[in-house]
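**Q** Sequence:
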Amino acid sequence: MGQEGNERLDYLMSRMDILDCINRIARGVDRLDRDIFRTGYHDDAILDFGTHIGTPDQHMDFFFDLHAKMQTATAHTICNHTCEIDGDVAHTETYYIYGSENTSGTPVTVAGGRYVDRFERRKGRWAISLRKCVPTWNMTPDSDVSKQIAEAFRLVGNNVRDRSDMSYQRPSTLSPDRLAAAQAQDE
0 MGQEGNERLD YLMSRMDILD CINRIARGVD RLDRDIFRTG YHDDAILDFG
50 THIGTPDQHM DFFFDLHAKM QTATAHTICN HTCEIDGDVA HTETYYIYGS
100 ENTSGTPVTV AGGRYVDRFE RRKGRWAISL RKCVPTWNMT PDSDVSKQIA
150 EAFRLVGNNV RDRSDMSYQR PSTLSPDRLA AAQAQDE
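Note that numbering that gives the first Met the number 0 numbers the sequence shown so that position 183 is 182, with each residue one more than the last.
These aren't lab readings, by the way, just hints derived from the structure by calculation.
Errors might be hidden in some of the hints.
Said to hold, decoys possible - In the DMTMM-like style, the derived pairs of lysine to aspartate or glutamate whose C-alpha atoms are separated by at most 25 Å in a straight line are:
id, residue 1, residue 2
1, Lys122, Asp42
2, Lys68, Asp29
3, Lys68, Asp34
4, Lys68, Asp56
5, Lys68, Asp176
6, Lys122, Asp85
7, Lys122, Glu3
8, Lys122, Asp43
9, Lys122, Asp9
10, Lys122, Asp29
11, Lys122, Glu100
12, Lys122, Asp176
13, Lys122, Asp34
14, Lys122, Asp19
15, Lys68, Glu100
16, Lys122, Glu92
17, Lys68, Asp32
18, Lys122, Asp16
Construct the entire structure; sequences and hints are all you get.
**A** Okay, here's the thing in structure tokens:
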């Protein structure tokens, strides 16, 4: 196989590794399986979910506890996925549909949005170094919780239907002020 063939094979394998990573994370959350979830992130990754900014381990502590208490079942369905690879860095935008059976209040929550991720390949392994979760719709708009969460998620970044949307930012970064504020809350 020539140089072009090797490059195409690396590109295809990288795309598959990246999509597998996204699917493993979704499965890890739905199964409340920390080991599977953790395989999708580098140790120094940052996750910005509006209501919570932190490392993968901090994210698991916060959201796994929340999911275990507030839902009897969840399903993170991975939908449209775009991936731009440039060497050992990739930027992805992945749409999701989320559903949960709730322990109280509204019996079912159905919502959708996007994960805007920056992947890095380190020592041959693709994993997320930055994830921004951007909800775009919710089927339970009258819920007070939904309104509070929607407000917090607006802090993640510009969520609009044109090229000023955060998914176009290269490289994808987290505002130093936002990160510092989150770290100050943890202290």
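**Q** State for each hint whether it applies.
**A** Results of checking the hints against the structure:
Simply put, Lys122 and Asp42 have alpha-carbon atoms about 13 Å apart, close enough for the 25 Å limit, and the pair holds. Pair hint Lys68 plus Asp29 holds up; C-alpha atoms about 13 Å apart against a cutoff of 25 Å. Annotation: proposed proximity of Lys68 to Asp34 holds, straight-line Cα distance about 20 Å (limit 25 Å). For the suggested pair Lys68 and Asp56, the alpha carbons sit about 18 Å apart, so the restraint of at most 25 Å is met.
Distance restraint check for Lys68 and Asp176: the Cα-Cα separation of roughly 31 Å exceeds the 25 Å cut-off, and the hinted pair is therefore not satisfied. Taking the CA atoms of Lys122 and Asp85, the gap is near 16 Å; set against the 25 Å cutoff, the hint holds. About 22 Å separates the Cα atoms of Lys122 and Glu3, which keeps this hinted pair within 25 Å; it holds. For the proposed pair Lys122 and Asp43, the alpha carbon gap of about 15 Å is at most 25 Å, so the pair holds.
Taking the CA atoms of Lys122 and Asp9, the gap is about 14 Å. The hint holds against a cut of 25 Å. Between Lys122 and Asp29 the CA atoms are separated by roughly 28 Å; this puts the pair beyond 25 Å, and the hint is violated. Of the pairs offered as hints, the one joining Lys122 and Glu100 is violated, with about 40 Å between alpha carbons and a cut-off of 25 Å exceeded. Distance hint between Lys122 and Asp176 is unfulfilled; the C-alpha atoms sit about 30 Å from each other, more than 25 Å.
Distance check on the hinted pair: Lys122 and Asp34 sit about 20 Å apart at the alpha-carbon level, within 25 Å; holds. Straight-line distance between C-alpha atoms of Lys122 and Asp19 comes to about 18 Å, which keeps the hinted pair within the 25 Å bound. Distance check on the hinted pair: Lys68 and Glu100 sit about 11 Å apart at the alpha-carbon level, within 25 Å; holds. Under the criterion of a C-alpha separation no larger than 25 Å, the hint pairing Lys122 with Glu92 is consistent with the structure, at around 23 Å.
About 15 Å separates the Cα atoms of Lys68 and Asp32, which keeps this hinted pair within 25 Å; it holds. For the suggested pair Lys122 and Asp16, the alpha carbons sit about 14 Å apart, so the restraint of at most 25 Å is met.
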